Amino acid sequence: MSAPEFKNPVIRWIDYRLPVFSFMHHELNEYPTPRNLSYWWNFGSLAGIVLVVMIATGIVLAMHYTPHTAFAFESVERIMRDVNYGWLIRYLHMNGASAFFIVVFIHIFRGLYYGSYKSPRELLWIIGVVILLTMMATAFLGYVLPWGQMSFWGATVITNLFSAIPLIGEPIVTWLWGGFSVDNPTLNRFFSLHYLLPFVLVGVVIVHLMALHQHGSGNPVGIDTKGPQDSIPFHPYYTVKDMFGTGVFFLVYLWFVFYAPNFFGEPDNYIEANPLQTPPHIVPEWYFLPFYAILRAFTDDYPVYSWFLSWLMSAKLAGVIAMFGSILVLFFLPWLDRSPVRSARFRPLYRQFFWLLLIDCFVLGWVGANPAEGHFIWIGQVATTYYFAHFLVIVPLLGIFEKPRPLPTSIGEPVLKGGGGSTASAAARPMEKA
Amino acid sequence: MMRNAILAACVAALTAVASTASFAAEAVKIPNQEWTFDGLFGTFDRGALQRGFQVYNNVCAACHSLRLVAYRNLQEIGFSEDQVKEIAAAKETTDGPNDAGEMFQRPARPSDKFVSPFPNDNAARAANNGAFPPDLSLMVKARKGGVDYLHALMTGYKEPPPGVTVPEGMSYNAYFPGHAIAMPPPLSEGGVEYADKTKATVDQMSRDVSTFLAWAAEPEMEARKRLGVKVLLFLLILTGMLYAVKRKVWKDVKH
Amino acid sequence: MASSADTTAPGGREDGETRRDFLYLATAAFGAVGVGAAVWPLIDQMNPAADTLAASTTEVNLEPIQPGQRVTITWRGKPVFIARRTPQQIEAARQVQMGQLIDPQPDAERVKEGKEEWLVVVGVCTHLGCIPLGQKSGEQLGDYKGWFCPCHGSHYDTSGRIRRGPAPLNLEVPEYTFLTDTQIRIG
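Chains as they are written, first to last, in my numbering: chain A, -19 to 414; chain B, 1388 to 1642; chain C, 5 to 191.
Worth double-checking, as some hints may not be accurate.
[Unchecked claim] In silico EDC-like pairs for lysine to aspartate or glutamate, Cα to Cα no more than 16 Å straight-line:
1. B:K1638 with C:D25
2. B:K1635 with C:D25
3. B:K1528 with A:E252
[Unchecked claim] From the derived model, a few chain C residues whose C-beta atoms are all more than 12 Å from chain B:
4. Q73
5. T90
6. Q92
7. Q101
8. V126
9. Q144
10. P172
No lab work stands behind these hints: they were computed from the structure. This one's a predicted model, so the numbers in the text were calculated from it and none came from an experiment. All C-beta atoms in this analysis are idealised placements derived from N, C-alpha and C, irrespective of residue type, glycine included.
Turn these sequences into a full structure, and let the hints guide you.
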């Protein structure tokens, strides 16, 4: 289908001067999408929808919130008690953050499983990691705003980390704080930045979609679309499927909002911040727990650490580097994974390690939720080592030594022949150009 | 793939449960209670709320503030406008400055928040041997175990087990983390004369004030659950329809 | 809140067929209702919150106010003048002919029956919003012995009506009721 002739003269008038409608038609109605996408491909659009929900609820909350240490906590309670539907908007925003991370984590693991990061989608993947980093920064800033005990102490712990940077660490922390501890100047600037970053996020998401549309979506079989027989137009097929997926998502999300709104939260954050009293257990929000575990895996006294690194840097700095490194390593994944086969469906060894990685991430999260004592310490260290081993050792080796299963000749072939499934009819073809 | 995904979800759930369980290892298991406001359709028992308010007003308010609740909110638990005015006017609050530049005391109005027993935190500590009686407006949400924990705490005062000593000025409590709590047992048999003539046992008063505090922390709960039923039912139907639409649109596509 | 279903009902029939399947239409309609319901809280939250509404009525005890005395209270963020008029002030207000008034209104319409000594008006000049003088002893009352607005020279009489100057309307009488003989509720 080529450029459509719009019937409506108003639309034609606008489109001639600013081709929004042609653009939408091309990118939505015509846009060829692999016909075999599974429901794991719904999570990208879900993430976009959650972002919209977060911005809408956030802007509205900002109409009632006061970013001053003397009033912040109370202003949030005013929203909960006095503002019309304030409790609903606040709980939507609070649980929306958790929903955002759940959706994005699933989206990322989908990418890991199906090789979505491989050529020609390396940049798409990297932009995605940038999105993840921006989300994490936004969430961190946002959690400080209610000015509860966890808000304050979480901010104190994480901003203090920057003091580990050699030479310029302390001045940087003072600069971040705007003072000598987390206090009103910190809160005020965190509010400003928390309002800003989501719009930066929108920009990055647009770039992410531009990169996506260059070469189109990957698919469960990991083979390029060869022609129109492998694709279907995005609209109405995937618009409708996305809408259904959105309905299911909202059912789960709103269940939490209405019936378990504090499930993902910490009771301590319903206590107003007290700089003179540290809570017995400082825990970040659940989506930061694995990174928190990696951060705390480096302890000055533990031989494993001190043998290798103590001469070079403090345990604190090593922990910080490792924590950021755990995300940075994702940037390099397209080059660490040399396998020409995209989808784990045809990579029997990689598939096992994928599940091990997933389990490892849960273990890291569990370690992060607990105090850094006793068996949690060595379990955290093993899990951290395994995490990096997966990306830096296992995946590169697999790329060289793994014998993949034979690929089908095309996407359409197993489907159109009525057979579904991944066995090929022809001899194993060397991988699609990956 | 699907099976593995379900497995992954189970692992996730397990770790979630495990992380809560490991904390519980240090605290005592809190007995599970049944409350009228539990569940999808739970509501606050108005009688319990009003009795609970009586307990708060007569017992707890001597030391604990409730500064996020306004007197006018009491109309939501069944008090009339006149009763609310009377309850408010029984307390004096600071206002001003007047034309002479002085702060003065005046009876509280329904639009005022609950008057705190102490003018500030330092005064509260000074009056309580350095211990600070926390504000109760959010206590049910601010403690792990919520309303079950509060009820257990208030009924959990007992003699320390053999070999355990409690520092001077503290009391032994079976459910307080560390077991030594600065607050002396707040409730005693018959301590409050209920307006509705219910027998004021410790257990009764504890349940009533716990219910009241659950409302104070989450006054929106009934509206939230009511709206939740409507929204989720609507969504269930809409999602079902969207599924039907999806199947219909995809009917002739081989995929 | 509900699904993001917009009203572009999908139907793969671009070939001019106008009959829309019932299912698509029904789903789109349902979805539209959901979107509307989801948007409403985002709009309603800007309406006055419960604590703002609670402050929207004020009760005033009139007992301490002597005849001839004037008192200012705050209501909804604005000053309200309460004046206990002397019989002379009431007479003066009643004597005025409607034709002499810029905003004709009999005094009886501006007070409560049986309580004519009490005048309750919003102390905001109807010209551009300044607060007229006359509440404190020693302040100018203007030529009509009521209130005088210093900003642009509006003169109000003992019934709070505009007599001379740029103000177009009489001082606003807010909604108020006598709860008892000595207690009024404004708003």
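A quick look at each hint next to the structure:
no.	hint	verdict
1	B:K1638 with C:D25	holds (14 Å)
2	B:K1635 with C:D25	holds (10 Å)
3	B:K1528 with A:E252	holds (12 Å)
4	Q73	holds (14 Å)
5	T90	holds (24 Å)
6	Q92	holds (28 Å)
7	Q101	holds (39 Å)
8	V126	holds (20 Å)
9	Q144	holds (20 Å)
10	P172	holds (33 Å)
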